[in-house]
Amino acid sequence: MKNSISLFSSYRFTHIILMLVVLALIPLTSQAEKREFDLSIEDTRIVLVGKRDFHTFAFNGQVPAPLIHVMEGDDVTVNVTNMTTLPHTIHWHGMLQRGTWQSDGVPHATQHAIEPGDTFTYKFKAEPAGTMWYHCHVNVNEHVTMRGMWGPLIVEPKNPLPIEKTVTKDYILMLSDWVSSWANKPGEGGIPGDVFDYYTINAKSFPETQPIRVKKGDVIRLRLIGAGDHVHAIHTHGHISQIAFKDGFPLDKPIKGDTVLIGPGERYDVILNMDNPGLWMIHDHVDTHTTNGDKPDGGIMTTIEYEEVGIDHPFYVWKDKKFVPDFYYEESLKKDLGMHNSKVFKGEPIEE
Amino acid sequence: MKNSISLFSSYRFTHIILMLVVLALIPLTSQAEKREFDLSIEDTRIVLVGKRDFHTFAFNGQVPAPLIHVMEGDDVTVNVTNMTTLPHTIHWHGMLQRGTWQSDGVPHATQHAIEPGDTFTYKFKAEPAGTMWYHCHVNVNEHVTMRGMWGPLIVEPKNPLPIEKTVTKDYILMLSDWVSSWANKPGEGGIPGDVFDYYTINAKSFPETQPIRVKKGDVIRLRLIGAGDHVHAIHTHGHISQIAFKDGFPLDKPIKGDTVLIGPGERYDVILNMDNPGLWMIHDHVDTHTTNGDKPDGGIMTTIEYEEVGIDHPFYVWKDKKFVPDFYYEESLKKDLGMHNSKVFKGEPIEE
Amino acid sequence: MKNSISLFSSYRFTHIILMLVVLALIPLTSQAEKREFDLSIEDTRIVLVGKRDFHTFAFNGQVPAPLIHVMEGDDVTVNVTNMTTLPHTIHWHGMLQRGTWQSDGVPHATQHAIEPGDTFTYKFKAEPAGTMWYHCHVNVNEHVTMRGMWGPLIVEPKNPLPIEKTVTKDYILMLSDWVSSWANKPGEGGIPGDVFDYYTINAKSFPETQPIRVKKGDVIRLRLIGAGDHVHAIHTHGHISQIAFKDGFPLDKPIKGDTVLIGPGERYDVILNMDNPGLWMIHDHVDTHTTNGDKPDGGIMTTIEYEEVGIDHPFYVWKDKKFVPDFYYEESLKKDLGMHNSKVFKGEPIEE
Ligand SMILES: [Cu+2]
Ligand SMILES: [Cu+2]
Ligand SMILES: [Cu+2]
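Just so you know, the sequences run in chain order R, V and L. Note that the working numbering gives residue 266 to position 266 of the first sequence, counting from 1, and the numbers run on in steps of one. Note that the working numbering gives residue 22 to position 22 of the second sequence, counting from 1, and the numbers run on in steps of one. Note that the working numbering gives residue 188 to position 188 of the third sequence, counting from 1, and the numbers run on in steps of one.
Keep in mind that the hints were calculated from the coordinates and are not lab data. None of the hints are false.
In silico BS3-like cross-links for lysine-lysine, where the CA-CA straight-line distance does not exceed 25 Å: (1) R:Lys256 with V:Lys158; (2) R:Lys123 with L:Lys216; (3) R:Lys256 with V:Lys256.
These numbers were taken from a predicted model, which means no experiment stands behind them.
Excised from the complex, chain R in its bound form:
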């Protein structure tokens, strides 16, 4: 009898395990959705700050490019149409492209560059999860550095880490450097001796960046993306920066600090507990990256605003500022998965 019970319970146990395994597998298969997006590349005038405009080759006419937000394992198709007068590609930075190397987007290595007027279709599986990005891979010293050919690609993990699950607000900060002497000379620029003189978060310099609005108890995730040519040192005041992910991959354990050094191509996801109401700076500690041209108090700077303290302080530079949401794609990130254009980043078409 004992044996038969034991056998029975053993059978039941095996059964339960099997069911759990099956359940665990379901998301991996059933959720692998097919997603198809269209991107155009357009000659577009954007404004970094004040009167400092720039001729870009902008994906869907905006810088940063549209947010592409998909689930790990999704089958992604992107049709890219080049409406400019120069060749381009898209490299999906961080995607492993297993079995799809010809969708890696490198001219002279994985494809012929997309000529003006042509359309090219990229197909790949969204793998691995994490903070990724996409950018042109033609003449990167010009197209990536100062023609705004970059945007965020966020791949949601099937199994998020505990620390990720605590996040209440999610922000994307793409960091760039610009050489204004090439602003309106498309097809030129990015040469030795260039004098970099503008620095931006999501293509805007302070004071035309936007605050990060929180309340006590929020947990924010800053997805830093090194989209430009320089190293940046992102310093957040008043809170502990927990550096949790590098290039989309979780670190073994978050590294604590207050300043995050990030180089071109790198991404760091920093998670901070909003436990300290106040007005706090986030800025590049490379001092010269907080200037606009030859003027101080610009560049890569923004603030965290707690609703508990408000913004109505006589000394606060942004006390009368009009708040523009979604500047960090924080609203788009809450929407359904897919591709999200944003009016916030839309420039002016440039007619030939």
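Please arrange chains V and L with the ligands on chain R, whose structure you already have, making use of the hints.
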């Protein structure tokens, strides 16, 4: 009987635990001292090396600024009087400022900048422990990068790590970069195209830096602070660099190496066992940071001198050098907690 | 009886342990070979790319210098003869030089520089294991930055890590930056305001670098060495970069990413599983480091070529390229330990 004994011993055990808890809590409460310091900001001429002088806005007339050395949890008050002709603030870099955001020292965000002749009082709790620093937050591209407005803020931990307890000698190295064309044009500088041409440890370039004097068996702690505008790669010869802290926070486990990459705003505490008598270089491996103007053999360089080998070697550049102690605040760090001015760093007042 | 058996087995156990200990010690003593090498320093013309030549002070007339490949614990002797008209030394970067500080190769600190025509002998134990390098320590802003005075020093570990044992192909990538205006002015250069305009892997710019040829199942090790003056961000497409070693020391656990930030003097060993047949880029993500002078598509770039996909693709820039093996010392690394000159890196002697 057994039960009563058991109960008794259980009672005693609980009692002992409670006592231990109480004992553990005592330092956290009883040692939270109130500490009040005065700082002035003064137009001051310092010399980086040779005849290369610089007009600075120096805290208490010295660069680096006075060492502020306090215990974790201390209540700190600093009265800052601006005796220059330009506005300034002090940001206490790394301090969490819990509940005291208006002491964070950021103009246009947490206060009006301190106008010439005015005094502003900062009040905050020294939290967290570690290698911190303080600096002006007005026009940082000029004031921090090349007007010497920075100093060390060391917060002793209540519960030091085992590796910290092994340290026998403690050194502060603040790294900076300078543009000599602005040397005597206060209120100007820090613009695109600037040519950096001087690099310093604690505001001195080699050969006017000082050696680190040790004997076999010492364990030294180098508190590297990125106070300037560039990334530095600090290479120590002949010893294993154990990178133990980033921005004041202990790393999960020290990272071993021989070269420490440090960006603006960052701090790394490197601990090295002095087990190898000799004369050894510590220098920036960014080669161009070991020049003074257009001359080689300068900048961010110093040596470790073991008493076992002495300095009387015919080839040794510093064999006749006059040793100036406390150049790394190593003597001040041994004194009682508080603020420590240092004659070593004192410049010349500049009269209008 | 029981006791005696027990005693006997205890004796046998102790005996076995002792034997194991003895066996474990044998390699540490018996394999510590004496190795002696000769190096000369020669005025040598090399070509970075196209017609861009450079006057170097090359070890054995080649840049990079010969591969020195030894076993941990070996006793190394190197006789260095200076055949140029300027003084030099060799610093063995990463070697602890325990008890041999006068072989550390620093002018004015551990020796008089080696004058033209003179020979100096360095003697040291190869310790610790890992990816090390050697370079001149005189006027490093010129000699190291742009006179090619550097080469790899690989110290094999006596007890390799499990991850190291999986490696099937081993590559050395030394990264440098050059200022062409000094190309043919030996004894000058490396001053503030210098415009860097060439960037190289093993002293060659794309497209004159060489592909990394693999097949599925290979595990490659990229030994990145920051030999120049700038920070580089080495991005590998299509694979997970496992950063396993810093400065020769194993990290506690490899860090995953796709972009490795490396500063001057640093080394990172990156291990990648070749599980994804295709043609893949490896390049510096500092965009301006992928130019040659004022031309795009150059600098620090190369590819991984899988034999499974071949190179005969119409879009592939290197489909007709003549393959030169050992460009990454990958062949030399398979040979017996010792010093390996390489024809690949040999320049032209410059006669006075
Ligand atoms: Cu890329
Ligand atoms: Cu700050
Ligand atoms: Cu060195």
